[in-house]
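Trainee: Based on the hints, put chain S in the right spot on chain P.
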Amino acid sequence: MSSIVSSAALMPDAVLPLQAASAGYWRSVLQRLRRDPVAMACAAILLLLVLAAILAPWITPADPFKTSMLKRLLPVGSAGHWLGTDELGRDLLSRLIYSGRLSLTMGIVPVALAFVIGTSIGVTAGFLGGKVNMAVMRTLDVFYAFPSVLLAVAISGAMGPGMSNSLMALTIVFIPQIARVAESVTTQVARLDYIDAARMSGAGPLAIIRIQVLGNVLGPVFVYATGLISVCMILGSGLSFLGLGVRPPEAEWGLMLNTLRSAIFNNPVVAALPGVMIFITSICFNLLADGIRSAMDLRR
Amino acid sequence: MPPFERLMIPLPPVTQLVQSPDRGGPAQPLLSVRNLVKHFPVRDGFLSRAKRAVHAVDGVSFDVAKGETLGIVGESGCGKSTTARLIARLILPDSGSLVFDGEGVDEFGGVSLQDYRRNLQMVFQDSFASLNPRLTMEDTISFGPREHGIGRQQARSRAHALLERVGLRPAQFAARYPHELSGGQRQRVNIARALALEPRLLILDEAVAALDKSVQAQVLNLLQELKAEQGLTYLFISHDLHVVQYLCDRVMVMYLGQVVEVGPVAQIYSAARHPYTRALLSAVPSMDPARRTSNPPLIGEPPNPINPPSGCRFRDRCPHAQAVCESTVPQLRVAGASGHLAACHMTMAGSAHPAAPTGEVCT
Numbered sequence: 030m031s032s033i034v035s036s037a038a039l040m041p042d043a044v045l046p047l048q049a050a051s052a053g054y055w056r057s058v059l060q061r062l063r064r065d066p067v068a069m070a071c072a073a074i075l076l077l078l079v080l081a082a083i084l085a086p087w088i089t090p091a092d093p094f095k096t097s098m099l100k101r102l103l104p105v106g107s108a109g110h111w112l113g114t115d116e117l118g119r120d121l122l123s124r125l126i127y128s129g130r131l132s133l134t135m136g137i138v139p140v141a142l143a144f145v146i147g148t149s150i151g152v153t154a155g156f157l158g159g160k161v162n163m164a165v166m167r168t169l170d171v172f173y174a175f176p177s178v179l180l181a182v183a184i185s186g187a188m189g190p191g192m193s194n195s196l197m198a199l200t201i202v203f204i205p206q207i208a209r210v211a212e213s214v215t216t217q218v219a220r221l222d223y224i225d226a227a228r229m230s231g232a233g234p235l236a237i238i239r240i241q242v243l244g245n246v247l248g249p250v251f252v253y254a255t256g257l258i259s260v261c262m263i264l265g266s267g268l269s270f271l272g273l274g275v276r277p278p279e280a281e282w283g284l285m286l287n288t289l290r291s292a293i294f295n296n297p298v299v300a301a302l303p304g305v306m307i308f309i310t311s312i313c314f315n316l317l318a319d320g321i322r323s324a325m326d327l328r329r
Numbered sequence: 016m017p018p019f020e021r022l023m024i025p026l027p028p029v030t031q032l033v034q035s036p037d038r039g040g041p042a043q044p045l046l047s048v049r050n051l052v053k054h055f056p057v058r059d060g061f062l063s064r065a066k067r068a069v070h071a072v073d074g075v076s077f078d079v080a081k082g083e084t085l086g087i088v089g090e091s092g093c094g095k096s097t098t099a100r101l102i103a104r105l106i107l108p109d110s111g112s113l114v115f116d117g118e119g120v121d122e123f124g125g126v127s128l129q130d131y132r133r134n135l136q137m138v139f140q141d142s143f144a145s146l147n148p149r150l151t152m153e154d155t156i157s158f159g160p161r162e163h164g165i166g167r168q169q170a171r172s173r174a175h176a177l178l179e180r181v182g183l184r185p186a187q188f189a190a191r192y193p194h195e196l197s198g199g200q201r202q203r204v205n206i207a208r209a210l211a212l213e214p215r216l217l218i219l220d221e222a223v224a225a226l227d228k229s230v231q232a233q234v235l236n237l238l239q240e241l242k243a244e245q246g247l248t249y250l251f252i253s254h255d256l257h258v259v260q261y262l263c264d265r266v267m268v269m270y271l272g273q274v275v276e277v278g279p280v281a282q283i284y285s286a287a288r289h290p291y292t293r294a295l296l297s298a299v300p301s302m303d304p305a306r307r308t309s310n311p312p313l314i315g316e317p318p319n320p321i322n323p324p325s326g327c328r329f330r331d332r333c334p335h336a337q338a339v340c341e342s343t344v345p346q347l348r349v350a351g352a353s354g355h356l357a358a359c360h361m362t363m364a365g366s367a368h369p370a371a372p373t374g375e376v377c378t
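Protein chains in written order, with the numbering used here: chain P, 30 to 329; chain S, 16 to 378.
So that you can see chain S by itself, here it is in the shape it has in the complex:
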């Protein structure tokens, strides 16, 4: 048992789930997301009853394995953060389901929302907006445990231990207010708060995006340490491809509310199959001035999510687009190595795309 775990004052067992944390064993995904859909209705005017909607998240499915770090990348507006909030149940999906360690979330016979949220915490991008300006750091961190029935003194000493663990001396920082801390320090407090309920899954929604590079590195190292110590699973949402490469085991690429490619980080970064992923990766600035990018990898803006293109959503920006891309929606299928999935007709044998691999049709 890592030393920090011994110091944590154990929370009283609230449910079965807490007493036996790992139910399905290591092979069972910690979180399974199935066909998550969220459309935000658009109101044109006071009286119009138009049924237009922003297709923020449109049929997203994926698994998060126990102990892994899954990165979600994509342009802004592709539905990364909406996916995170749907998983956290801060907004409710139009359809789709979540299965947490084998149990349906917030459904009959499954895990209750309260128990689910104990196991899942979130760190937000805006370190200032995610801390209550009227609460001191120790009050902020101990709020969750106190709401779960931990005594005042216990919750406080736990907050102090957590502050210490994220590298902030309690004697110096416990009584401070958010505006008295730097951005990096605030984000450390946010991490401490997220850990206060001993979660199993941590959603990091652009958690280091607002920090400058040196502080970002410190926080990333802290996250790595905490993950190893406490056996955490991370869902790391970012637009920074370098950070994702450094931190993540697997990467999921989203485009316009859909998953276009998912696979192990080495696979994605070296042998991306989807043209969007390739364009995204070639947009990463090179460290070598001789190999600077001169041609824009992609032109144009992402299409309007109110009226997404038919078939493949990427087709009107894709250099390889063919007739089949307009008529058929590509499904997420195995592309190359095991665990590497892509949603592109070019990787699908038997699709009508001329670049599709020949060979027997997989059914």
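Only chain P is shown next, with the shape it has when bound in the complex:
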């Protein structure tokens, strides 16, 4: 029998071969993601947008807030204003770059907050099950019953206009959606035999959630949340468009769409540009989410 037992088992702890350490799940996901050209292109575009937003004060060709009565609604390709100017003669390229700051914040921050809160709620409800699950999920269903646009407008309207209020409104809109996905994934996972095996080992519920459940739940929920960023950006832009979010003269893509709306017959290309930005960003987030989803499927 002793011949079967390996030298590794006989070795003192310190000299155990290091290569046997687990490579790490997320690292292998990243490796797969790198081989996905669409996802990488989307990631590159998003990185570019984020960098441009961060570095906006240094890279914009003109002051985005400087108005000029003489240069109103210049077409795309005008000298000194490559993407034209808006209805107050402000440089559109500079404004689009600056807008990234608020628009991306509007898209990412509520989803990130809702991801943390919603996942906590959903995983707890899913793991505990029974009456707790019932109470939590039915409460969330009340929020879920409203269309998200309506809910965002209602909450934002009730709290009054302003950036932080609309961030909060959007967070509240997305918590039930994320919690619901987290709950359903957790319920599925909690039924599996390896959770029973973990309970058999005498581990407490927190340890089981942390080590056995979260790894299997965070992935799908993360993908779902990434897909929500585009929805959130559009909702945020919608709030700004309605005058409930960011207020003039701040630059934000939805707000710009609103103010340029009157110019749609005079200069349709310029008026559509903020919409194009929203479109590019949201489609990139969606495609990136799809890429992560397939990269996370280890069995392929």
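Wrong hints could be hidden among the right ones.
Derived pair list, reagent style DMTMM-like, types lysine to aspartate or glutamate, alpha-carbon separation capped at 25 Å [to be verified]:
hint	chain 1	residue 1	chain 2	residue 2
1	S	Lys-66	S	Asp-109
2	S	Lys-228	S	Glu-90
3	S	Lys-81	S	Glu-244
4	P	Lys-160	S	Glu-341
5	S	Lys-81	S	Glu-118
6	S	Lys-242	P	Asp-225
7	P	Lys-160	S	Asp-109
8	S	Lys-66	S	Glu-341
9	S	Lys-81	S	Asp-130
According to the in silico footprint, chain P covers these stretches of chain S (three or more CB under 8 Å from chain P) [unchecked claim]:
hint	segment
10	131 to 137
11	157 to 163
Short derived list, chain P residues pointing at chain S, Cβ under 10 Å [claimed, not checked]:
hint	residue
12	Ser-97
13	Ser-230
14	Gly-233
15	Gly-244
Keep in mind the hints are simulated off the structure, nothing from the lab. Note that CB positions come from ideal geometry on N, CA and C, so glycine has one too.
Mentor: Just chain S now, kept in the frame of chain P:
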């Protein structure tokens, strides 16, 4: 002391129970199950308050002796797996008690649930579902020990030793994920995980049922070796009567949530007393084509466990059923050799069944 035991890094003593593992001596059963009952309520609709229930396990009692392998057999749906989960306390019984080595489980003055579970581990049928797809093999095996306060390095080297012991080279398998292993390899890992906490009782719930025959044989041999090395006690749940005959010391036959017969494996296989056990055994395919089974040993389906028949639950499929079988529930009584119990009116002297043995009535 077997060589493997020396290699195991001892767990720090958590309780009295761990420090003195064998309390009652060899004569005391390792586990006594008494009148275990579990009914699953059936909801007919949203508003109905119907009190119908599936009688999954209905008054099951038995003992598991130290060092033995007790097989539990029966058709699917007879309550084998529910019994296993009740014993593991993964589901709570409606009534009934468990006594582990003389101490009541999870009751006042008895052994706590945490200590009980340290002494009892389970290997599940679905080797894939019982491994976390996001954890490597060494993480899966070392989870239990780490939750009991073993250091990272120690738990890891222990996981490696266990992998080695179940026949998987750690250098090759420790960092793998479940989908990178075959079914047999996964089941070996499940066994290694079950052994990581040095349990005394291992519940094997259809642990080899999903494996093909050659792999099944390897895993069964491994189980035999481990049992001899570590002095384990097995509760082996299976529908495969050949495997049970090979592995088990005693067999318990269940039908519709109740024990119908229990006894030493040789007794059951050669001189079964309960008609259901006999039907079950005659359903085993013969190796000799000349002796093939032509008449079905049993006809019909098991009755609905929501409304089990009165009296003997087997009576509406039993060729020997009489009036007494409908009116009286047969109790599990000594039938033939010592330790051989059956719940059938035909084996009970003094029952009103015409086939019952004559002679003085045992009271």
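Trainee: All hints, please: hold or fail.
Mentor: So, going through the hints one by one against the coordinates:
1. S:Lys-66 / S:Asp-109: Cα-Cα ~14 Å, so holds.
2. S:Lys-228 / S:Glu-90: Given that 25 Å is the threshold and the Cα spacing comes to 20 Å, the pair holds.
3. S:Lys-81 / S:Glu-244: 14 Å, holds
4. P:Lys-160 / S:Glu-341: 41 Å, violated
5. S:Lys-81 / S:Glu-118: 14 Å, holds
6. S:Lys-242 / P:Asp-225: The hint holds at about 23 Å.
7. P:Lys-160 / S:Asp-109: 19 Å, holds
8. S:Lys-66 / S:Glu-341: Since the Cα atoms of S:Lys-66 and S:Glu-341 sit roughly 24 Å apart, the hinted pair holds (cutoff 25 Å).
9. S:Lys-81 / S:Asp-130: With Cα atoms ~18 Å apart, S:Lys-81 and S:Asp-130 stay inside 25 Å; holds.
10. 131 to 137: Three-residue rule met by the segment 131 to 137 of chain S, so holds; n is 5.
11. 157 to 163: Contact hint for the segment 157 to 163 of chain S vs chain P: holds, 4 residues under 8 Å.
12. Ser-97: 58 Å, violated
13. Ser-230: 3 Å, holds
14. Gly-233: 8 Å, holds
15. Gly-244: 4 Å, holds
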